[in-house]
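With these hints in hand, go ahead and build the complete structure from the sequences.
Listed here are the chains, written in short residue letters.
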Amino acid sequence: MKRVAVIGTGQTKHTKARDDVTQSELVREATTRALADAGITIHDVDAVVLSNMELFEGRALPEMWVGEGAGGYRKPVMKIATGGTSGTSACIAGYHQCASGLFDIVLVVGWEKHSEGATQTGMALTDPLWDRNVASGAVGNFALSISQYVAERGVTPQQAAKVAVKARRNAARNPYAHLQMDGITVEKVLESRMLADPIHLLDMCPQSDGACAVIYAAEDRAPKLCPRPAWVRAAVTRHDQPYIGDLDRRLVTMRTLRDAAREAYQQVGITEPLKEIDVAEIYEPVSYAELAWYEALGFCAEGEAGRLIDDGITEMNGELPVNPSGGVLSTNPVGASGVIRVAEAAMQVMGRAGDHQVPDARLALATGYGVYAWSDVIILSTG
Amino acid sequence: MNNNGFVTAGVNLSFNYAAGEAASRFLIALRDEKKIWGTRCPACQRVLVPARSFCPRCFVDTGEWVEVEPAGTVSAFAPLSPLLPGEGPGVRVGLALIHLDGADTALAHFIGEADAPQIGLRVVAVFAESRSGHILDIAYFKPTET
Amino acid sequence: MTELLRVSHTMTLSWRYGTSWYFAEFIRALRDERRLLGLRCPVCRRVYLPPRPVCGNCYAELREWVEVKDSGTVRAFTIVHTPIIDPTSGQLRPTPYGMALIQLDGSDTTLNHYIAENDPNKLRIGMRARAVWREERRGTLSDIIHFTAMNNEQSDNEQ
Amino acid sequence: MQPINILGVGRTDYNPKPDISIPEMVHHAVQAALADAGLTMKDVNARVTASADLWDGLTASNVAITEVVGAVMQPEARVAGDGLLAACHGAMSILAGAYNVVLVVAHCKASMGDPHGITNWSYDPIFQQPLGLDDVATSALQASTLSLAPLRPCPIADGAAAIILSRPSSVPAPHLIGMGWALDEHYLGDRDLTDSPALREAARRAYTLADIDDPKRDITFVELSDQFDYQRKLWASVLFGKTSEVFETSEVSARGVPPFVAGLDRLIEVVLRLRKETGTALAHGCWGPCGQGQVVVVVRR
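Chains as they are written, first to last, in the numbering used here: chain A, 1 to 383; chain B, 1 to 146; chain C, 1 to 159; chain D, 1 to 301.
Please keep in mind that the hints were generated in silico from the structure rather than gathered at the bench. Just so you know, not all the hints are guaranteed correct.
[To be verified] Computed list of lysine-lysine pairs in DSSO-like fashion (alpha-carbon distance at most 30 Å, straight line): (1) C:K122 / A:K188; (2) A:K224 / A:K2; (3) D:K276 / D:K216; (4) D:K233 / D:K276; (5) A:K2 / D:K42; (6) B:K35 / B:K142.
[What the hints assert, rightly or not] Some residues of chain D that are not near chain B, with every Cβ distance over 10 Å (derived): (7) A32; (8) A35; (9) G97; (10) F127; (11) S144; (12) S169; (13) P172; (14) D213; (15) D214; (16) K216; (17) K276.
If you're wondering where the values come from, they're calculated on a predicted model, not measured in any experiment. Here a beta-carbon is modelled for each residue, glycine too, at the ideal position from N, C-alpha and C.
Next up, the structure:
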């Protein structure tokens with residue numbers, strides 16, 4: 001049972017289509033950057049954990065082909081897949097593998113190349129006896145849950161649009177982010193095409209090609225390899241029932257995220273998350289979800305999320321900057337998205353976030369979201 | 001829906017995989033020049049065929065591009081049962097791993113125009129008439145004339 | 001700059017999904033009797049649609065069938081404007097179209113289905129809706145074409 | 001490593017079950033494992049599941065089994081690979097101090113679709129997939145390099161297997177004392193198909209953790225996975241040299257165990273036998289083209 005820290009991260013430039021590389025080469029690009037950031041070589045890596053939504057690219061056992069790109073040759077390689085939470089689940093799995101004492105250094109890499117699949121291919125294989133009878137898609141399903149959230153909490157399209165604007169403005173300072181929209185405004189979000197009421201195009205995440213890698217080291221190695229490692233303080237997973245109709249007002253209650261955060265805060269000793277957490281990288285596939293997650297994460301009381309965004313509390317210069325990277329709203333290679341959350345949170349703690357660094361960030365939160373309501377919560381800190 | 005206790009459902013989906021710079025260059029050479037190229041790993045010195053951008057063993061960028069011979073030796077063979085769609089009978093007879101002369105790895109491909117191929121057989125590439133930048137721009141490998 | 005190629009593959013695969021006793025019975029009642037059946041949890045008493053072997057909240061096996069009405073209350077709604085692939089046809093479904101989570105009378109879960117209304121101003125959470133059935137049923141959820149608003153808010157018993 | 005207790009095991013039969021749903025099938029295996037361990041689901045802190053989306057015909061295929069593995073409002077990790085890997089991950093999460101009791105479950109219904117055609121999608125799409133490669137064709141290639149024939153694939157099989165792992169304790173249950181896994185290269189032409197360096201590496205790692213210097217002396221019996229009958233001979237020779245007949249293995253290929261379940265099934269076989277006799281045993285799993293992925297677990301009682 002060892003303490004574990006992130007000692008390096010690496011990501012590709014996320015974009016609409018990376019025709020210049022295969023999936024394996026894409027993964028190698030992120031891996032190589034993470035190795036350089038950690039100041040180690042692939043020979044120092046003891047084990048590899050991979051994350052990818054294989055049906056988006058129509059692959060079976062993609063680690064067979066792509067594992068080489070993560071330097072997996074004759075190394076222990078394991079692929080973790082839990083839907084949208086795959087990336088954070090892989091980060092939690094890699095953390096457990098490193099903390100077990102079996103491996104000193106563990107590499108986690110997530111990737112997706114949406115450009116190689118037809119639209120919505122991954123959504124084609126839902127439950128054939130139930131979900132596959134209706135064309136709702138991820139956008140439609142979110143819109144349904146948002147109607148409940150809006151009805152109960154009274155958040156406005158303007159408040160949601162502010163989340164979208166914040167994300168894209170932050171992304172403009174992140175060289176790896178997919179959407180770079182410095183000139184975005186609330187008006188432009190609200191004027192963008194309606195996808196499904198009340199979700200406008202610019203309220204929604206893009207589909208990206210990209211990869212992201214995180215390198216963990218165990219307690220005896222981390223301080224020697226990294227001047228300011230990002231120590232894993234808590235890693236909690238909660239899954240929920242399989243059908244959207246099982247979930248009671250999912251965005252309103254979001255019981256998985258609420259409970260995972262409660263347990264993670266307890267482990268770390270956080271009692272006032274808004275005050276104590278310095279920066280958060282949360283998995284928000286749609287603007288409205290970020291507002292719902294504020295409540296579930298205890299950043300504010302129920303019904304106060306709109307005020308949080310109105311008052312700029314979660315802006316870069318606010319009390320708790322949320323998604324300095326631009327978040328999933330700016331970059332979404334699904335299998336990598338959860339890894340990006342952890343990488344970005346670690347970069348903040350390590351002081352390596354460049355132009356989107358939150359000054360003196362010491363305690364960072366990362367979350368994963370997947371399926372209809374699965375959640376992961378990870379907390380990193382300087383000590 | 002039926003009474004057999006199961007429901008049948010399927011997919012018909014298209015995927016378009018990026019070949020990337022290295023594999024594109026390899027496939028373009030097949031298409032435009034009917035030539036087979038490998039890349040040499042600067043660490044282990046092996047010539048990898050088909051050409052790769054990096055050596056999976058050494059995890060370093062490959063450097064030098066090396067043209068290998070279109071002829072080589074069969075190192076594994078399996079007879080084909082269901083032929084590829086559109087394939088005429090009797091042309092492609094099996095799958096093989098072929099060590100091309102000048103390469104340190106083998107290429108997986110078809111064997112054609114052969115009666116009873118065996119490991120050790122010398123073969124040479126037969127290029128397709130119409131080529132599109134695809135691994136099947138080599139139609140198959142056939143036994144060399146002795 | 002090298003010319004960059006792509007290699008295409010078409011996936012044509014199908015699967016036989018076992019229904020087990022619970023979906024077999026659901027399908028039979030739907031197809032032969034135009035009845036919707038849910039399963040009640042012996043511990044929390046929730047009635048589940050779709051049926052399943054275990055209540056995940058209680059980790060209790062489900063055995064008690066409960067008939068669920070084909071009318072209920074809208075708990076969430078949206079109008080979809082962006083083309084989404086209709087999994088039953090593989091084609092993009094013409095937009096716009098309404099969708100709703102409908103809590104059928106007698107059920108504790110909601111059903112994700114179409115609602116025949118394209119104006120969001122005419123939809124509200126709490127409104128009543130009922131199923132419009134196809135003439136010929138095959139035993140799938142698609143035997144319900146869509147739900148339609150019950151303007152006179154009649155009783156739960158109306159068929 | 002600290003030994004991990006294997007408290008309970010359970011599995012379904014492996015006959016094709018066209019009319020049984022995956023959740024119901026998995027439920028039976030989980031119930032059997034809980035009963036075998038004398039535990040209830042409340043005693044389980046976390047689960048590690050193993051399944052493969054394209055074989056299940058379902059995106060994020062563990063969604064279907066969330067309720068029957070007791071994962072609602074609970075932790076679950078899902079390994080896309082052999083169930084024996086999931087057992088390794090479950091053991092590591094216990095060693096990490098994250099959980100005390102972990103349920104490990106693997107499932108596959110190979111009869112649902114075209115289990116050989118699906119494997120074409122596991123070859124790189126540029127150079128190998130266009131050749132129409134599948135597990136039958138590439139296994140025939142491998143068998144030809146070994147001068148072995150004829151080729152007999154594992155019969156189509158459906159089933160689920162489950163085990164329950166717990167923290168080290170003095171309970172006289174079989175203990176997991178070593179584990180290792182590794183990948184070989186992907187391109188068939190890069191590999192020496194007469195050998196399995198990944199299996200060698202997986203075993204080396206497992207032996208190191210289990211303090212085994214001389215496996216031929218220290219290991220009492222082995223249970224090997226094989227999707228094709230020739231593979232068992234290859235794996236045995238890689239592990240123990242050519243004269244490995246002292247090791248008994250029950251034939252998976254003859255009996256039929258579904259892919260992704262096979263490795264966990266081998267572990268169950270080992271545990272059941274170690275309940276009757278003391279000794280040190282090896283359970284083996286493999287997945288991917290010509291056993292590109294290899295996993296080894298060592299159990300002692």
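Now the hints, each set against the structure:
Annotation: proposed proximity of C:K122 to A:K188 holds, straight-line Cα distance about 26 Å (limit 30 Å). Between the alpha carbons of A:K224 and A:K2 the distance comes to roughly 15 Å, so the proposed pair stays at or under 30 Å and holds. Proposed proximity of D:K276 and D:K216 is supported: the alpha carbons are some 21 Å apart, at most 30 Å. Simply put, D:K233 and D:K276 have alpha-carbon atoms about 27 Å apart, close enough for the 30 Å limit, and the pair holds.
With a CA separation close to 27 Å, the supplied pair A:K2 and D:K42 stays within the 30 Å bound. Between B:K35 and B:K142 the alpha-carbon distance is near 16 Å, which keeps this suggested pair within the 30 Å criterion. Under the 10 Å C-beta cut-off, the non-interface status given to D:A32 relative to chain B holds; the minimum distance is some 22 Å. Listed as a non-interface residue, D:A35 keeps its Cβ farther than 10 Å from every Cβ of chain B; the least gap is roughly 26 Å.
Every beta carbon of chain B lies more than 10 Å from that of D:G97, the smallest distance being close to 32 Å; the non-interface claim holds. Interface exclusion of D:F127 from chain B breaks down, the closest Cβ pair being 5 Å apart, not more than 10 Å. The claim that D:S144 is not at the interface with chain B is violated, since a C-beta of that chain comes within 10 Å of its own (minimum 5 Å). Every beta carbon of chain B lies more than 10 Å from that of D:S169, the smallest distance being close to 41 Å; the non-interface claim holds.
Under the 10 Å C-beta cut-off, the non-interface status given to D:P172 relative to chain B holds; the minimum distance is some 43 Å. In this structure D:D213 is separated from chain B by more than 10 Å, as the shortest Cβ-Cβ distance comes to about 28 Å. Once the 10 Å rule is applied to beta carbons, D:D214 is consistent with being away from chain B; the minimum gap is 29 Å. For D:K216, the condition that its CB be more than 10 Å from all CB atoms of chain B holds, with the nearest at approximately 29 Å.
The Cβ of D:K276 sits about 38 Å from the closest Cβ of chain B, beyond the 10 Å cut-off, so the non-interface label holds.
The structure does not agree with the numbered hints 10 and 11 stated previously, though it agrees with the rest.
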